[in-house]
Amino acid sequence: MALIEIDDLTVTFRSKGREVRAVEGVSLSVEPRESYGLVGESGSGKSTILRAICGMAPVTGGSIRIGGKPVPVPRGRAFSTEVQMVFQDPYASLHPRHTIDRTLSEPLAIHGVPGRDARVVQALTDVGLPPAFRFRYPHQLSGGQRQRVAIARALMLRPKILLLDEPTSALDASVQAEVLNLLNRLREEQGLTFLMVSHDLAVIDHMCDRIMVLQHGRTVEEMTRDDLASARMTTAYARSLFDASADRMLDASTEPTP
Amino acid sequence: MTTLRAWLSDPNPASRRQARLGQAWLAWQRIRRNRLAMAGLVIVGLLLLVAAFAPLIAPHDPLTQDLSRRLLPPGTPGNLLGTDDFGRDILSRIIFGARITLYIIALVAVTAPVLGLLIGTVAGYFGGWVDATLMRLTDLFLAFPRLILALALVAVLGPGIENAVLAIALTAWPPYARVARAETLTVRSSDYIAAIRLQGASSPRIIAGHVVPMCLPSVIIRVTLDMAGVILIAAGLGFLGLGVLPPTPEWGLMISSGRKFLFEQWWVATMPGLAIFIVSLGFNLLGDGLRDVLDPRSASR
Amino acid sequence: MSLLEVRNLRVTFATETGEVQAVRGVSFTLGHERLGIVGESGSGKTMTGRSVLRLVRPPGRIEADAMTFDGRDLLHASEREMRALRGKRIGMVMQDPKYSLNPVMTIGRQLTEGLRLRDGLGRSDATAKAIAALEAVQIRDAARVMEAYPHELSGGMGQRVMIAMMLIPEPDLLIADEPTSALDVTVQAEVLSILDGLVRDRGMGLIFISHDLRLVARFCDRVLVMHKGLVVEEIEAAHLMEAQHPYTKGLLNCLPRIGGSRAPLPVLDRAGF
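Protein chains in written order, with my numbering: chain Y, 1 to 258; chain W, 1 to 301; chain X, 1 to 273.
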């Protein structure tokens, strides 16, 4: 049975009497331990789908089921032990006036989990940060280190599903590689299911087994990783995304120019 | 000394306490570089010392009358700043008056900002009808001139120092609520609030632990800058006879009683006026300095 | 003769904790060619670009052994001379058009203002020239865009307008600082090819600053790779794959590729340099 099932999801934002459909009739299902990628440009609704799962966007149609059960409204505490999210900007997703220790131990405090000290130290080690960082503030860390803390926080409650909203797009290329490696290792070790959003086809290709291309809030095409690698996309839009990816560009230039 | 400094500026603190003290140490370093803020801090510090050691510093009893030594000018031996119409030593009265001023400031500082912070963050965080109700209430209070509202409250409650404080606090909270709400609105939509909400945190926990710390700096700055105003309103109430009752040496009351001889014996009203001026200036300078140190926009990155 | 020569450029910031050198001795020459400057955040690439126009604000300080543009000494030029150079002979395109266009003026007014004030053109001449510039960056309905305010344009359109604005005075050198980083990938490709065509046709010098090594390699003749304020490697773009410096190699290899291996990505060994 699929772990995440989204059926005909529609998200409508209302502002000043105007209605904006950010997501329209999107359906997808993700198997346990699978890694599923959502790709699209700005305004494609890819991040909105993640926010809708977390109850942070107004769902106006369709259904979301986690483990076969419809998600509760409001999401509640049980939901937080199943689904967690990593945000795009590590500078904005950590509380600037809380130490790393507080950021990591607060989820445990909320859920009354004992043995917090040991688990915080363990979480830091898991994401490759020295335990000496424990009482630092976010502004004493680099972007990559902050994103590691954000990942550690998301994993404190040992969720099954991790929603990744452009987790590396604010990072330098070399740091991106480290964070992607970390995510893959954690998925392996903890048996996680990923639902990942990115505008970068190469990143999605590296991380995901199946991919959905979105445009203007609608599904354009769903394909497997092999389809993508061998350029077997059927729609023009998916192909234009593929052609515009930065690493394709290099192939064109390495050929000697006349 | 050097080991303490190393301990405070250690980039890898070993405990919560060390981390917090280290941050405070950094803030202190920043404020120390700001000369005007240091001047403000010195003035406020002196006020605290004078208030604490008033009986030791004051040359005379502030309440003892000596009608043979009425209205002596400043510089008279034994009465450095002169005497008032009952022959009381003005310097001693100002020194004891510092206690009352400080008492009022302290009481207002622990009531009005707390109330304002609570109302502002709750309104900003929940939005919708909660926000509308609380903010209209705030507008209601803001619609009256502060002194008039305080006067009306004292008129109902009766004169006296506690009632004066209560009146000032009840008129002082709306600006804090506004500041806190504005700050909350920007914080509310941030990713770190979304993250903690996703961890299952309750609204009180988010407001107290995550929203309030972000609003605190602007409110603290505002409180420090408002202190001058509070002193003036307390003095104003005293001046009108609705605050502290005579013969208590309150600065506003002293100005009021000196009014009658302002032209012949100018010092009776001027000396407490100068005290109010200096203390207000001290708080304003300190507030400006704190703004540079605490403002999250200037300090964070 | 080279268009721009920079020898031993240093940019220093005096901060609370002492002096920080953002650029620590960068030298390069530029002819009528396309030079890429690549580096990660904090490498000093942006400061290098801004130094050429002397657009580093205090407490930043620019020092160099020499910095000449077309025979003119940029280090000792007066602020007045620099103003004459900026825009007119050296143009600059920044990362996000949202912050570079005046939000309360129509595009048309922003485009024609310089023409009318600086070159003394009449209204209709200026408008004609502005429309021609917009058409040069492949904006089809130029007349409509002239009437629009910046917020009414998409990111890609805004960036094209910025490029058009920079190109109107026909500068000899264009400095583009991450001109496409805020744009979607499909739009990115379009904007880049427009920029490429314009530089090629007009024989301008171009300094292209970016964090994306592959993008720069595709687009430039020569690449400077910067790290911590120093140029670690200068290489012909066509020979990028034969880069020697471990940092350049690391940057090249750490990006995932479509259809690439799923083994862990190679990471930079930061201790190595």
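Please keep in mind that the hints were generated in silico from the structure rather than gathered at the bench.
Check the hints yourself; a few may be wrong.
Unchecked claim - Derived, one-sided and incomplete: chain W residues facing chain Y with beta-carbon distance under 7 Å:
1) 6
2) 9
3) 12
4) 13
5) 191
6) 192
7) 195
8) 198
9) 199
10) 200
11) 201
12) 208
13) 210
As the list claims (entries may be wrong) - Quick list of the computed label-pair ranges, beta carbon to beta carbon:
14) X:42 - W:10: 52 to 60 Å
15) Y:69 - X:234: 56 to 64 Å
16) W:159 - Y:58: 50 to 58 Å
17) Y:188 - W:141: 54 to 62 Å
18) X:42 - W:141: 32 to 40 Å
19) Y:114 - X:234: 55 to 63 Å
20) Y:72 - W:6: 33 to 41 Å
21) Y:14 - W:208: 24 to 32 Å
22) Y:69 - W:130: 54 to 62 Å
23) X:129 - Y:16: 48 to 56 Å
24) W:23 - X:181: 29 to 37 Å
25) X:20 - Y:121: 46 to 54 Å
26) W:5 - X:42: 50 to 58 Å
We put the beta carbon where it would ideally sit given N, CA and C, even for glycine.
Verification of the supplied hints:
1. 6: Not OK, violated: residue 6 of chain W not within 7 Å of chain Y, min 15 Å.
2. 9: violated (11 Å)
3. 12: holds (4 Å)
4. 13: holds (4 Å)
5. 191: Holds. Min distance 4 Å.
6. 192: holds (5 Å)
7. 195: Because about 6 Å separates residue 195 of chain W from the closest Cβ in chain Y, which is inside the 7 Å limit, the hint holds.
8. 198: holds (6 Å)
9. 199: holds (4 Å)
10. 200: Nearest chain Y Cβ about 4 Å off; hint holds.
11. 201: Holds, because the Cβ-Cβ distance from residue 201 of chain W to chain Y comes to roughly 5 Å (cut-off 7 Å).
12. 208: The hint is violated - residue 208 of chain W has no Cβ within 7 Å of chain Y, the shortest such distance being about 12 Å.
13. 210: The hint holds - residue 210 of chain W has a Cβ within 7 Å of chain Y, the shortest such distance being about 6 Å.
14. X:42 - W:10: 52 to 60 Å: violated (24 Å)
15. Y:69 - X:234: 56 to 64 Å: With a Cβ separation near 60 Å, residue 69 of chain Y and residue 234 of chain X satisfy 56 to 64 Å, so the hint holds.
16. W:159 - Y:58: 50 to 58 Å: holds (55 Å)
17. Y:188 - W:141: 54 to 62 Å: Given range 54 to 62 Å: holds, Cβ gap about 59 Å.
18. X:42 - W:141: 32 to 40 Å: Check failed, 49 Å falls outside 32 to 40 Å.
19. Y:114 - X:234: 55 to 63 Å: holds (58 Å)
20. Y:72 - W:6: 33 to 41 Å: violated (51 Å)
21. Y:14 - W:208: 24 to 32 Å: At roughly 31 Å between Cβ atoms, residue 208 of chain W and residue 14 of chain Y fall inside 24 to 32 Å, so the hint holds.
22. Y:69 - W:130: 54 to 62 Å: violated (31 Å)
23. X:129 - Y:16: 48 to 56 Å: With Cβ atoms ~39 Å apart, the hint is violated.
24. W:23 - X:181: 29 to 37 Å: Since the Cβ atoms of residue 23 of chain W and residue 181 of chain X sit about 34 Å apart, the hinted range of 29 to 37 Å holds.
25. X:20 - Y:121: 46 to 54 Å: violated (33 Å)
26. W:5 - X:42: 50 to 58 Å: violated (28 Å)
Of the hints listed earlier, those the structure fails to meet are numbers 1, 2, 12, 14, 18, 20, 22, 23, 25 and 26, in rising order.
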